[in-house]
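Sequences and hints are given; from them, build the entire structure.
2 protein chains.
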Amino acid sequence: MRAAALYLALAHHPVLNKRLEVITSSVTNLDIHDIARAARTFEVDGFLLLHPLPAQRELVMRILSYWQRGGGAAYNPDRSEAFERLHLLASLEEARAWVREASGADPLVVVTDARPYPNSIGYAEMRRRLQEPGSSYLLVFGTGWGLAPEVMAAADLVLEPIAAVGTYNHLSVRSAVAIILDRLLSDPASR
Amino acid sequence: MRAAALYLALAHHPVLNKRLEVITSSVTNLDIHDIARAARTFEVDGFLLLHPLPAQRELVMRILSYWQRGGGAAYNPDRSEAFERLHLLASLEEARAWVREASGADPLVVVTDARPYPNSIGYAEMRRRLQEPGSSYLLVFGTGWGLAPEVMAAADLVLEPIAAVGTYNHLSVRSAVAIILDRLLSDPASR
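Residue numbers (the numbering used here), protein chains in the order written: chain P, -5 to 185; chain H, -5 to 185.
In case anyone wonders, no lab produced these hints; they're calculated from the structure.
Hints may be right or wrong, so weigh each one.
Any copy, or any two copies together, can satisfy a pair, since identical chains are not distinguished.
[Claimed, not checked] Computed list of lysine to any residue pairs in SDA-like fashion (alpha-carbon distance at most 25 angstroms, straight line):
#1 Lys12 <-> Asn23
#2 Lys12 <-> Leu24
#3 Lys12 <-> Leu124
#4 Lys12 <-> Gly64
#5 Lys12 <-> Pro46
#6 Lys12 <-> Arg109
#7 Lys12 <-> Gln125
#8 Lys12 <-> Gly66
#9 Lys12 <-> Ala67
#10 Lys12 <-> Arg(-4)
#11 Lys12 <-> Gln50
This is the structure in structure tokens:
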């Protein structure tokens, strides 16, 4: 059973494009739905969607209000429930402060990437850490081609990439979130 | 290491809607991308996208040709590689025949559902089966609110639902595919 606080963040800046330049990506509608549903299913304490542009956050607000108070809430109450844990913030700095306030502890920032890093932490070790009460973690995923090097370098912990089978490793961020939450949070006996 | 043949199918008919009526669902663009990328990453032998309507299969063909031969192929060759294992077929019956031809063995049909079923097979047992050479499996996912009861009843094996944490279990089919392929195919030591 998880005892530590765990929040998930999806960053749209600073992230890389395919030429490995630092960019701000646009919000993808299905990221919001799929990740909110996975975060609710695995009972993450909160899903923080990070975008520096107010117009993009406003767009997400409109989508959310349809599912929380508009036609979508009556059509699909499960979706409304998934979105209760979604919060819109501008940056990773805001997210850290928000989690500190919400959990009462300064969170350790855990970043994810498809590329291997030295001194990364494995899934068994991260599961063990999440069973210790009192600490707080912010698990960060990047859109586009992944989080910018400055975010990776400033993190407290780097989670090992999802080692799949061969050398091809191009999962969507939606798939990566689902797999990582399953590895960290579902009952090992049921897997 | 997997020794059995393993194919993945995404069915759009017969599936359920939220009122549990049997329907034919429309193709969702990101299902094609996310599931093809996951199938390639976990080295599934083929991803069979099943739709009874020729117009929907034609739409998918046009999307694929952009990524395989059009502008998308130059922009993102990884995506083109993911789509090499995608095949369009009309029905589950066609999929069985196709897998029989491709793998040389009549496949056992393994169905998935978010609901629990009696006599379902666990992940450890399914991993063990995939290590036995000579057999062939067709792992079937339903869009919408899941596969119709007739498909569940006719299957050779029912895979246990993804037991997450609590009672809320509303993952997208994209997330469910990612988690199930990870549970069945990634190296347990790396998880």
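We went through each hint and held it up to the structure:
1. Both within a single protomer and between protomers do Lys12 and Asn23 lie at most 25 angstroms apart by alpha-carbon distance, with minima of 20 angstroms and 21 angstroms respectively.
2. When the C-alpha separation of Lys12 and Leu24 is checked against a cutoff of 25 angstroms, the pair qualifies both within a copy, at 20 angstroms, and between copies, at 19 angstroms.
3. For the identical chains of this complex, Lys12 and Leu124 are neighbours neither inside a copy (33 angstroms) nor across copies (35 angstroms), given an alpha-carbon limit of 25 angstroms.
4. For the identical chains of this complex, Lys12 and Gly64 are inter-copy neighbours only, at 18 angstroms across copies versus 37 angstroms inside a copy, given an alpha-carbon limit of 25 angstroms.
5. Within a single copy, Lys12 and Pro46 get their C-alpha atoms as close as 20 angstroms, which meets the 25 angstroms cut-off; across copies the closest is 36 angstroms, which misses it.
6. Taking the shortest Cα distances, Lys12 and Arg109 sit within 25 angstroms of each other inside one copy (14 angstroms), while across copies they are farther apart (39 angstroms).
7. For a Cα distance limit of 25 angstroms, the shortest separation of Lys12 from Gln125 qualifies neither inside one copy, at 37 angstroms, nor across copies, at 36 angstroms.
8. Proximity of Lys12 and Gly66 under a CA criterion of 25 angstroms is satisfied inter-copy only: 13 angstroms between copies versus 35 angstroms inside one chain copy.
9. Taking the shortest Cα distances, Lys12 and Ala67 sit within 25 angstroms of each other only across copies (14 angstroms), while inside one copy they are farther apart (37 angstroms).
10. In this assembly of identical chains, the alpha carbons of Lys12 and Arg(-4) never lie at most 25 angstroms apart, being 36 angstroms within a copy and 32 angstroms across copies at closest.
11. For the homomeric pair Lys12 and Gln50, the shortest alpha-carbon distance inside one copy (22 angstroms) is at most 25 angstroms, but the shortest distance between copies (30 angstroms) is not.
The structure does not agree with the numbered hints 3, 7, 10 stated previously, though it agrees with the rest.
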